[in-house]
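Q: Sequence:
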Amino acid sequence: MKRIFSKKLFLTFSIGLLSIYGVIYACAGGDDWDFFGYNSNFTPETFADKSYSPLFLSGSIFYGIGFDTEHNSRFNKNIKSDWASYLKGKADTTTVNYFLIGDEKPRYYSDDKNEIKNKEEIAALHVFYKNKKENKTSLKWAKKLNLKDDKVKAFVEFLYLAQKIETVSINNDYWSYEPVVAKTFNNAKLIQSIENVYNTNADPFLKNRYWFLTMKARFYSNDKQKAIDFFNKTENSVPKNVLYYRALSYVAGINYKQKKYAVSNYLYAQVFDKCPELRVVTAYSFRPKNESDWTKSLAMAKDNKQKAALWAIHGYYKDEKQAIEKIYELDPKSEHLNYLGTRLVNVLEQKINNSFQVRSDDYSKPPTPQTLADNKTENKTKIENAAVDLIAKISAAGNTQKPYLWDLSLGYLQTLKGDYANADKSFDKAEKTLPKTELAGFQIRLLRFVNNLSKIDKLTDSNVKTVLSDLNWLYYELPKTYKEGEFRYQNASSWSRSYFSTLYKEKGDLVMAEIFGETRYSYWNDGNSFYDNEKNLLGIKSFLEKNNKTEIEKIGAGIYSLKLKDINNFQAVQATFNNKITEAIAFMQKTDSVQNYKFLGNPFNGNIKDCHDCEHAAYQKKKYTYMDFLTTIKSMQDKLAQKEDVYTNSLLLGNAFYNISHFGNGRTFYENNIVGYGSGPYSFRNTMKEMITNNSVSKMYYQKAFEVATNKEQKAKCLYLISKCERNDYYNKKYNTINNYWEIQDDKINFIAWNSFKVLRKEYSDTKYYQDVIAECGYFNTYVSQ
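The sequence shown begins at 1 in the numbering used here and counts up by one.
Pairs of lysine-lysine, DSSO-like flavour, derived with a Cα cap of 27 Å:
id	residue 1	residue 2
1	Lys153	Lys130
2	Lys153	Lys90
3	Lys164	Lys88
4	Lys207	Lys132
5	Lys425	Lys376
6	Lys458	Lys380
7	Lys505	Lys376
8	Lys207	Lys164
9	Lys136	Lys88
10	Lys507	Lys376
11	Lys465	Lys455
12	Lys80	Lys50
13	Lys88	Lys144
14	Lys425	Lys380
15	Lys90	Lys143
If you're looking for bench data, these hints aren't it; they were derived computationally from the structure.
The task is simple: from the sequences and hints, build the whole structure.
A: Following this line, the structure appears as structure tokens:
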């Protein structure tokens, strides 16, 4: 048996199906969720009614919401509005809403109304009406309501019966990995009494409510066929309003349970078509089991609109292009074409390569840069010609509900195909019917910008001017006014930067290529490798310091995330690791507030055990800023030059350079946007990994201290600190070709003794420091124990 529809994780979202199958959507979704907005220039909200929005192309179960959480509250607004109108002049809105949804706090748990906290009050008022005796509740509400009014009484009595059904219709199992056992309402006498009220009530509003309540009660009973029988007997006498289509969805759900899939899906399509509130539910409940079921459902359609509705859901699951073709033939004015049109465009644009890179099949290797010409050639082949031809046909006819959708779609696809002149014509045509809304205006402006930038193959002063205004709008104005998800401009923003970067690279201007391209961290840890070349670094600094920038240069400087202070900070860090402290101080003075950042631990302490958290938590008499740190190092080095207190100054300098390395307590000193961030050295590109793991300067100072030490305790301490540097150096060399710690192979070497370890044990075992090392350093203790 061939399936023609995706199960979508076996979800069964339906007012009918929920009660039968329970909730099975806790683990819904893909890995990427709604990332489509960031890969798209085409905002579907511009074109389709809000009721379709969950069905827009998405990386999750439903666009924008992840999964449907409104099963118990979907109709609260309708219900409040209906009853408020019925009771107008009899009860104020606040009172009506209180009885319908309680305290107004947001809840997931309701069907006709949010879970009522005051059920006891409704029950008490029912008793008041039944016994005609005052009680505490009736006395309370008599001050606000005329309890003798017929409409007020009808309101309370309806709620009393409705809340009986709510005991089974309210689904409190919001999260569930397993199907929830369906609850049934088996009080046949009460169900019949509700139906009797429907049969005898002359008030059209109340009669309609009791009709739906009867349907609901029979749907949740243990004899669901009676719900279908009741519906078939009465449907011609009830208005075709929201309540009617809610009831029809019950009938569809029961048919599905009875394995009458063709009937079920035909009915769901009717609800989808006529009841916007239930579009997300009915689309997901639509479940042909095979091609025969689908064909039978289609044959049941009584007119073109019903056929179009069936194809509208079919297109959501399977093939947007085919569904558009079918619906357009049946009913060019169908509003279902609007959301399917956006899905088709969104599907096509997901195939586009916006990165200007070619990915290797070997994901351990970074992608290679792509020329502008090659990128355009690649993308042209990815846009399906048949889809473009279909949209062009509909655009030319101009007979849809929203002709501008098809004109804009055609223009955008023409841009992607490299047909820029005709794209302009399509946008001009769209403008004639485009609504005067901000979103529509932004959409056409964005697509025109993409087309205009795509026309530029080589940068000139004149062609750059054609997009300057839009670049300022895109980079500076839109982020201030539009929140994420409201309008899709992020993709155009990132794409245009890559586009300019590629143009500048092909022009030979590597500085501007970096300004717009801005290399960042990736899977391959290349990060800001641009700054590893001093010529590049100085070029960027010169550019940022430039006063007479052109307009495009001003835009680039404004969007570039790194500022002069960041580059000066990077230079200060590099100079420090290279033991060029005078240079480091000069650079650090130009880092604005960075120079005042404080170390988390004392950077001049040297401990037996490398325990960052311990050292950060330890008492510190003085908190060193980065500038304090550098000036203190400079002072110590000056003293060393004068042969002043050589042991102490050498030891402290060794500690200082050890602590700013990856192994010390002052890692924050080197962490920045150019060096990188990470808990392990493999998070950094190779040049930075080498810098932050190199303890040669520390070892040099420890060696100086050892040479001038005046007693065995001092020498023992120096030897141990040297051994830590030797340990780190051993592992650095052992894994220096490893770019990913998952690649490290276990060579079964779990312990090795370095030269300083051996000397420490052989010649200084009688020192107190030696005993302290054994007590604190498990590694050394293992060596001694062997």
